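Colleague: Residue numbers (my numbering), protein chains in the order written: chain A, 1 to 432; chain B, 1001 to 1432; chain C, 2001 to 2432; chain D, 3001 to 3432.
One should not assume that every hint holds.
Some, not all, of what chain D presents toward chain C, calculated at C-beta under 10 Å [claimed, not checked]: (1) S3124; (2) V3239; (3) N3247; (4) A3253; (5) I3331.
Chain A is nowhere near these chain C residues, computed Cβ spacing over 12 Å in every case [to be verified]: (6) V2013; (7) S2035; (8) E2041; (9) A2058; (10) E2064; (11) N2136; (12) D2196; (13) D2198; (14) A2256.
Stretches of chain D that chain A covers, calculated by requiring three or more beta carbons in the stretch to come under 8 Å of a beta carbon on chain A [to be verified]: (15) 3263–3277; (16) 3313–3322.
Rather than coming from a laboratory, the hints here were simulated on the basis of the structure. Note that the structure is predicted; figures quoted are calculated from it, not measured. Glycine included, each C-beta is placed from N, C-alpha and C at the ideal position.
Protein chains: 4
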Amino acid sequence: MTTSLGDLGAALVQWRRDLHARPEPGFCEFRTASSLVDELERFGYEVVYGVDAMDPGAAHLVPEERVAAWHRHAQERGVPAERLERMSGGATAVVAELRCGSGPTVAFRFDIDALPLQEADESSHKPAREGYASRNPGWMHACGHDGHMAIGLGVAATLAACSDDLGGTVRFLFQPAEEGALGGAAAIAARGFVDDVDYLLCCHLGLEARETGHVVCRTDFMATSKYRATFAGRGAHVVNSPQDGRNALLAAAAAALALHAIAPTSEGWFSLNVGVLNAGTEQGVTPASATIDLGFWTETSAAQEYLRDRVHSVIEGTARVWGVGFDIRLIGEAPSCMQSENLAAVLRRVAARLPAVTRIDDYALCRAGEDATVLIKRVADHGGQGVYTLVGSALADGHHSPRFDFDEGALSIGVDLLAGAARELLRVGNGE
Amino acid sequence: MTTSLGDLGAALVQWRRDLHARPEPGFCEFRTASSLVDELERFGYEVVYGVDAMDPGAAHLVPEERVAAWHRHAQERGVPAERLERMSGGATAVVAELRCGSGPTVAFRFDIDALPLQEADESSHKPAREGYASRNPGWMHACGHDGHMAIGLGVAATLAACSDDLGGTVRFLFQPAEEGALGGAAAIAARGFVDDVDYLLCCHLGLEARETGHVVCRTDFMATSKYRATFAGRGAHVVNSPQDGRNALLAAAAAALALHAIAPTSEGWFSLNVGVLNAGTEQGVTPASATIDLGFWTETSAAQEYLRDRVHSVIEGTARVWGVGFDIRLIGEAPSCMQSENLAAVLRRVAARLPAVTRIDDYALCRAGEDATVLIKRVADHGGQGVYTLVGSALADGHHSPRFDFDEGALSIGVDLLAGAARELLRVGNGE
Amino acid sequence: MTTSLGDLGAALVQWRRDLHARPEPGFCEFRTASSLVDELERFGYEVVYGVDAMDPGAAHLVPEERVAAWHRHAQERGVPAERLERMSGGATAVVAELRCGSGPTVAFRFDIDALPLQEADESSHKPAREGYASRNPGWMHACGHDGHMAIGLGVAATLAACSDDLGGTVRFLFQPAEEGALGGAAAIAARGFVDDVDYLLCCHLGLEARETGHVVCRTDFMATSKYRATFAGRGAHVVNSPQDGRNALLAAAAAALALHAIAPTSEGWFSLNVGVLNAGTEQGVTPASATIDLGFWTETSAAQEYLRDRVHSVIEGTARVWGVGFDIRLIGEAPSCMQSENLAAVLRRVAARLPAVTRIDDYALCRAGEDATVLIKRVADHGGQGVYTLVGSALADGHHSPRFDFDEGALSIGVDLLAGAARELLRVGNGE
Amino acid sequence: MTTSLGDLGAALVQWRRDLHARPEPGFCEFRTASSLVDELERFGYEVVYGVDAMDPGAAHLVPEERVAAWHRHAQERGVPAERLERMSGGATAVVAELRCGSGPTVAFRFDIDALPLQEADESSHKPAREGYASRNPGWMHACGHDGHMAIGLGVAATLAACSDDLGGTVRFLFQPAEEGALGGAAAIAARGFVDDVDYLLCCHLGLEARETGHVVCRTDFMATSKYRATFAGRGAHVVNSPQDGRNALLAAAAAALALHAIAPTSEGWFSLNVGVLNAGTEQGVTPASATIDLGFWTETSAAQEYLRDRVHSVIEGTARVWGVGFDIRLIGEAPSCMQSENLAAVLRRVAARLPAVTRIDDYALCRAGEDATVLIKRVADHGGQGVYTLVGSALADGHHSPRFDFDEGALSIGVDLLAGAARELLRVGNGE
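Sequences are here, hints too, so could you generate the full structure?
Modeller: Written as structure tokens, this is what we have:
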């Protein structure tokens, strides 16, 4: 028996609010993932999760202490021990599959992590007023990932209910740690889950589509890379023997200036930022250590490649100038998009049939990184097609704000759009 | 009835060990000061302490939160409430006076604060082996101030015992917060306690006099100034609107480089160090704030003056370059010395008569700052004379080491030297 | 009697070669201007030139010594004294006008200056082979301005020949010193010659249109500003009294780094370059003076405005850091374009009728500055319309190369295009 | 027959004025050297000069074009072709020797080059008033080397006249290119002329001894090193392809800042100065080349060694940061002194016997470099002794001023002092 559309609308809201109230950091989504497993298994999907669903070693930065703390947090709140064991080390991805005879493979990707924000508790903030605001202090679903997951569950339920009409395979990728591009996408890709995908559909609520009913078929993101560089100098008493010191603070300072002075490239606009610099401990001692965190966002992969190379030269050279050691570590990365025009056209056709859709744009550029591009690129590299679509929603406040809230009415539009696309792509007899 | 020399030797050790076991940070020496008050009153001195002995507002940097915590710490350990009340806000100086008829005023200054070090607990470390190591975790008398206080009490006891032979006034200044030159000396000076002083005698154990029996009559220190500069920029999303950001991190980085590139001066060697730089919070946002801590040590006051001026230009100018606001605050300062040749000669004569003294040097340069110079300079500015002498001691390890320890045999040499000088300066009929 | 097309073709080549052989630097185009005056008067135009045609004081940088030298050079080569006198001080603009009854005013702008290049004398270089290469060593028409002037004369001749068919006014602006954006356009604008213009047509040979027969109707250029900043410090013997020095070299060095580290803006791509830095005279003396030449090129005027502001902050602030004086002077500037879609459409229609035109593009972006934009912007500010069009030409080598040469066959296309547009705009009864 | 003292006084003035009128740059002292050869041969010395007296390849910087020009200059002024041939390539040293039986070897070193200054021609300037001012425009003996040579000839004449009283060898080293420490001393040392020297006596007029009659027995100089660093980047059109540029200007700018920020050393005061920076050619092109000239002066050889190492790190590292090539070349060097107390004592004894000497100081520190130290150090390294003495003179204006002039009365004091010392050191039977 299939879920009726009316029922699904209520379920979407219920899923969303349950998840909204329990936000978890990237690679710490233990309770979140466990809930997803429950629902997906209930829909009849074959579900894998934990280290079967992702390779934590392929991530860029897994914050180990935080992961351990949230692992205990989930245990205390009743997440089954067996589930937690398989997710230990931050393996919080969930992959669900439904095979419906022969035909192409359609995959969906939804992100599941939250942000380090204390949610507003003002009565004007609906989650607070209606009692489903975050119960995890200091963390909040302020980027709509709770809505993404609800859409994902809705699509899964919808497609399971009409599986007889489908020819091919449906796969759902629930991905941890999208924020910061820490490597959740890469960790799933490392298990091969997108290598055989013919069509990959990704989505986001809001962003450049700020009204409910507005759909953007295809959205480009900027490529991004994030690095942490450390300089290891030598402390010395600055009056007794300043000549014995090797100054890591000045190395970091000079590196910051040189990084910001990297020449522009005609291959596309970019912004590079050394966002954090910490060095030294006291006035009387040559600073022996320094750390900088930097990121860059580029319009093109060529510009990203150019900056990667220049950044390494600057760090290495600066260390040499000041006679200090150095280490440079990639802590986040996503390429720019190469999206499928074909899939965008499919989405446009589907959207055009939906009464709730009031505006359709072909394209938008989003001035941010998004590691769905890791997966889209990998699909394309293997001959498949991927696309990133925006499901419009009126917003109470901007993304990443403590007062962020979207219109839950957008959820069913997202389900109808994505499920509709899958049905078109997997229609029996539709040999691509 | 006078204390016999034998008795005093034992008392010196007892005082020293009692104080050594209870080290307290600068402006937090509540229990220390209370003990000193007890002893000095017992010897018959007129004692003032707390806000009567110093003006906390004249200090450069009083660490308020720490002061409050140690205030509670002292309360819990039984320092009388009345004492603590008068010392609230970090007014931990003690001034004791004995008037012995007409004649000049001789003052002594001893420093009383400890260092942020965890004392060694190895059996090879005598204080640990014999049970008088620090009971305050993370803090240690590793610069001999416990010994200085013991010498001070010994001199006070000695002079009280022979007060009939003296013509003039004896005054003891027990000064908080010598380490870091936070302004303990300036705070005492602000109450006028050195303005009428004819002779000021200051001392240190060890330093350039590393054998017991070695005395250096006159010791120069380097002038020093310490500043904290903050830059206040404006955060901006570095992809959406980098042009709206004003980068405090780059301001601080450029300032650090420019400060280290200040031209040398033929007026004397100096070392300037930006010891700490902290800026920014995350990669995606223009760093909106930055702080640097810097200090410089100069051979001459002319060089100190030169650097003060240049440092201000660099901070102001750099803020202008990057369009950020700035604040610069003096957090520590001591001038270089202008010591009395006459007092040094007195000390030499006294030392020459002491059997335990095996080596006398006229002069040493100590490559560090020491805010006794604030008091010596003020005495000289008012027509008096001041001198800084070194009382030699064999050392178990260098100053500011967790294994620092001096030879307690040096304490009585210090007492004999300083008390002897006072007796010579205040000999009845010695009108000088 | 009108000039037949065949005759005009020969004249175009003759004019071009005569001018090509006598290249002159910006604001030094004495002989060039004099030749233009001769021809334009011959066609029946009312001609003004020298200080009547431009205000040298409104230019950004008039190279006085060079102007004086080329003034003598022109005198020696027979340019009439009366002409030279009116052009003294570098006033080498020529403005010609033909009034043909009532109607709108159509203006044309052509640039007339050459480049500091030694022209190739290889036989493969046609001007060398055929004997019309530059006779002025070290200078060359390597950007096609000789061709522009020939087109201008051709248009002037053509329109004079059909003046009876025109209703309105035709004006020709022959502008000095386009290269470097030294201010030739601003100097002409300062005399009011574009304030009453309804339609302004500008053109360039080649650039993004590299085949003969290719026309680009509308071309955007980048906004550009160029500055010279000087720092005035104080020399001092670096061993005897380094503290008395104020280091202009370090000021310039720090400024260069800070300028290159100006944050990007989401208002458009830009490139800023400190192209020249010269400072100091000898190792033993604090460098007392330094000069930097910098330029920036921006996609938008908003970005240009942003950089202007930031550049001034950097220079002022850096001077303060190092205790030196500073001066900053604008030496070149051009805004970005706001071109007329209407005029582009007129050009497209005319081009479509020309048999020699084989390709028409609506738009191109040229990654360079061009101070015709000063005039186009002023026309637009006064309610008129302006456009910049590219007349395609096969090229022997790129612009600004010693082997640059264009196809003289492009000249008549340029004439037909521009004269055709003017005829359409001034057709009697065309009130538009 | 010996020259009487009266005669020598006149000769000293004559030699000095002849040389003063014909100043020549370092390694260009062709006429100067030829005159010295004439005189020394006349006194009976065995004289070698040119490539026999020095190895130009051991010099740091021989300015080849200048040398060629002055070679022609000397030829035109009648210096014999044979002499010039042996001095070609800048080999302008002269070494003269007199063997007087067995005994130690005493050597003297005098510098012979002039400075790039236009001598004052005011009547208040005695050389101008009395007609012996420089005849070589732009060059001047403004550091007293003309006087040094006169003293040298005077000592040579004096010792030749009393050779019967001497037991040992007397050697005179007339050294080119002292100014700038270009390597004149090293070039003479490379021929072995100081390896067997027992006593080396060097002198200077004036400096810290500014009254005639004042003698300083022993003078320390600062060690110095001078480098030229070049950076080779890659030019690129900064709008079309800024990413292809490699910016030599920013490399040089960052290097200059980093060089000035080298930490101080407790091994002695120093001053480092980047005196010259030239980079780039135009605003629109990434600067492809840059040059910096730097020097440092240190109180100790340890500090010199420390800076050498740090300077190389900075240059290498900075080149790496900016992706440019680099070259670093030593263009001048002199160590600090290790002088003989014994020789200073000899000079003191001799000076004490001279009626014209009115003040004797044991020691002075001269805040400058002086490459006599190269020779003194080499003598000491081979077991001999060296000393640098100051012969006081009233001065019309400071050294290196266009109005510099010394008191010719100081010349005979110099002769008496040095010749007297040699006689004491070579007294027959004085085996020391």
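Colleague: Against each hint, give a clear statement of whether it holds in the structure.
Modeller: Results for each hint:
1. S3124: violated (24 Å)
2. V3239: This interface hint holds because 4 Å falls under the 10 Å limit.
3. N3247: holds (8 Å)
4. A3253: It holds, given that the least Cβ distance between A3253 of chain D and chain C is near 4 Å, below 10 Å.
5. I3331: holds (9 Å)
6. V2013: holds (36 Å)
7. S2035: Check passes; 39 Å lies beyond 12 Å.
8. E2041: holds (45 Å)
9. A2058: holds (32 Å)
10. E2064: About 34 Å separates E2064 of chain C from the closest Cβ of chain A, which puts it past 12 Å; holds.
11. N2136: holds (34 Å)
12. D2196: Its Cβ never comes within 12 Å of chain A, the nearest being 39 Å, so this holds.
13. D2198: At roughly 36 Å from the nearest Cβ of chain A, D2198 of chain C sits farther out than 12 Å, so the non-interface label holds.
14. A2256: For A2256 of chain C, whose nearest Cβ neighbour in chain A is about 9 Å away, the distance does not exceed 12 Å, so it is violated.
15. 3263–3277: holds (count 5)
16. 3313–3322: Answer holds; 9 residues pass the 8 Å Cβ test.
In summary, the structure is inconsistent with hints 1 and 14 from the numbered list given earlier, while agreeing with the others.
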